[in-house]
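Using the sequences and the hints, build the whole thing.
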Amino acid sequence: MSYQFPPDLEELIRKQMATGEYGSEDDVLREALRSLDIQRDDWDAIQAALKTLDAGETGVSLDDAFRQVRDRNGVA
6 MSYQFPPDLE ELIRKQMATG EYGSEDDVLR EALRSLDIQR DDWDAIQAAL KTLDAGETGV
66 SLDDAFRQVR DRNGVA
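Per my numbering, residue 6 is the first one in the sequence shown, and the count goes up by one each step.
The set of hints was computed from the structure by calculation and includes no laboratory data. Just so you know, even glycine gets a beta-carbon here, dropped at the ideal spot from N, CA and C. Misleading hints may appear alongside valid ones.
What the hints assert, rightly or not - Quick list of simulated restraints, FRET-style, between CB atoms:
id, residue 1, residue 2, range
1, 67, 15, 16 to 26 Å
2, 67, 7, 41 to 51 Å
3, 11, 39, 16 to 26 Å
4, 76, 38, 35 to 45 Å
5, 61, 11, 21 to 31 Å
6, 61, 7, 33 to 43 Å
7, 81, 23, 21 to 31 Å
8, 9, 58, 38 to 48 Å
9, 75, 8, 25 to 35 Å
10, 60, 35, 33 to 43 Å
Right, dumping it as structure tokens:
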């Protein structure tokens with residue numbers, strides 16, 4: 006794929022490539038999107054836990070909610 010990014014994003018991608026951790030721009034973008042997806046799942050779990058607490062219910066603990074999200078996403 007070919008991408009057109011503003012200079013600031015191009016610089017961020019170059020910095021990530023320079024670490025040697027990524028073999029291509031696609032790898033950088035794939036990891037960034039995967040991380041964003043995990044972050045959103047974590048945020049959703051936090052919001053659900055807070056809603057449960059606000060309702061006075063005893064639900065899944067925040068630690069358990071995070072553990073479930075990480076397990077679903079294959080994150081240790």
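These are the hints, each one checked on the structure:
1. 67 - 15: 16 to 26 Å: Given about 38 Å between the Cβ atoms, the range is violated.
2. 67 - 7: 41 to 51 Å: Once the Cβ atoms are compared, 42 Å apart, the range 41 to 51 Å for residue 7 and residue 67 holds.
3. 11 - 39: 16 to 26 Å: Distance hint for residue 11, residue 39 holds at roughly 22 Å.
4. 76 - 38: 35 to 45 Å: violated (20 Å)
5. 61 - 11: 21 to 31 Å: violated (47 Å)
6. 61 - 7: 33 to 43 Å: Once the Cβ atoms are compared, 53 Å apart, the range 33 to 43 Å for residue 7 and residue 61 is violated.
7. 81 - 23: 21 to 31 Å: holds (26 Å)
8. 9 - 58: 38 to 48 Å: holds (45 Å)
9. 75 - 8: 25 to 35 Å: At roughly 29 Å between Cβ atoms, residue 8 and residue 75 fall inside 25 to 35 Å, so the hint holds.
10. 60 - 35: 33 to 43 Å: Since the Cβ atoms of residue 60 and residue 35 sit about 38 Å apart, the hinted range of 33 to 43 Å holds.
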